[in-house]
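Undergrad: Sequence:
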Amino acid sequence: MNRVQKGNIAGIVAILLWATLALFTVFTNRIPPFELTFIAFSIAFTIGLFLWIKEGKGILIHLKLPWKVWLVGIYGLFGYHFFYFLALKSAPALEANLINYLWPLLIVLLSAFLPNEKLRWFHIVGALLGFFGALVLIGFGKEISFSSQYTQGYMYALLCAFIWSSYSVLSRYFGTVPTLCVGAFCGASALLSLVAHLVFEQTYIPEPEEFIAAIGLGLGPVGVAFFVWDYGMKQGDIKFIGSLSYATPLLSTLMLVLFGRSSPNSAIWLACSLIVLGSIISSLPFFKGLWLRLSTRNRPL
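Residue 182 in this note's numbering sits at position 182 of the sequence shown; the count goes up by one each step and never skips.
These aren't lab readings, by the way, just hints derived from the structure by calculation.
Here are the simulated lysine-lysine pairs, DSS-like style, with alpha carbons at most 27 Å apart: (1) Lys6 x Lys118; (2) Lys68 x Lys57; (3) Lys54 x Lys6; (4) Lys118 x Lys68; (5) Lys64 x Lys54; (6) Lys6 x Lys57.
DEER-style ranges, computed between Cβ atoms: (7) Gly175 x Ala93: 33 to 39 Å; (8) Gly175 x Lys64: 16 to 22 Å; (9) Glu209 x Leu94: 25 to 31 Å; (10) Arg120 x Met155: 30 to 36 Å; (11) Lys54 x Ser266: 43 to 49 Å; (12) Gln202 x Thr176: 40 to 46 Å; (13) Asn116 x Leu258: 39 to 45 Å; (14) Glu209 x Ile59: 32 to 38 Å; (15) Val195 x Ser147: 28 to 34 Å; (16) Tyr173 x Gly58: 23 to 29 Å.
This structure is a prediction, so every number in the text was calculated from the model and none was measured.
Where a beta carbon is used, it is the ideal one built from N, C-alpha and C, also for glycine.
Working from the sequences, and respecting the hints, build out all of it.
TA: Have a look at this one:
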């Protein structure tokens with residue numbers, strides 16, 4: 001298995017972990033957003049600390065990073081969550097989430113500015129199909145109306161999409177920075193989330209089941225997912241992973257259905273078809289290469 005394949009698998013693992021985000025959040029809905037983020041990022045930092053100790057190179061080596069690396073890491077992890085929560089407070093959740101889910105499409109488009117990367121028509125078509133799939137999934141049976149009174153909230157949501165997509169693409173420029181350094185960004189984001197919680201929220205003492213769900217968030221979608229995503233962005237096919245990211249809201253909805261927190265409907269299957277089709281179109285070079293390898297192998301001597 002080559003480096004790109006390993007990176008693609010890491011990106012897919014991150015997407016699968018993010019699919020559990022909504023389910024865990026349902027069980028923690030009484031915990032204020034920044035308090036929940038503080039708990040989750042603290043657990044993610046603990047994961048990083050454990051990995052640093054296991055690696056045996058010491059802790060300080062993962063903290064002595066160039067200021068640009070610190071800036072990009074905190075910008076991505078904390079910046080995204082900060083503006084996401086502001087968006088949900090300033091605009092209806094439906095419209096805010098639709099704008100937020102522009103980030104996979106933006107990853108595909110922004111990747112064109114990376115060295116040795118070329119944006120082709122099938123990347124754009126695949127990402128657009130994925131976005132329409134997310135649009136069907138999130139907006140099915142609901143009235144979508146963008147009102148000028150929520151302009152500020154929409155801008156926050158657009159910032160979310162740009163922050164996460166640009167952070168993901170910028171990770172490629174810092175390919176020599178070890179993925180384990182993500183633990184340092186999680187620690188800094190935990191501290192900033194604590195400050196935001198103390199400024200904007202009232203502290204809530206979670207019930208045992210809520211705290212367990214918060215731990216689940218920190219271990220999975222707000223923990224390990226950031227580490228494997230970083231590896232995927234640095235080593236994998238960034239356009240393929242970006243297009244495939246539209247599976248996140250779909251898998252998240254399917255998880256809610258599986259655990260009885262949502263009801264299945266025709267929108268899920270339509271969204272599934274659009275997202276899968278978009279992923280296949282984005283992966284045309286892979287399927288073409290696979291076909292050529294199989295044709296060569298089966299060709300008679």
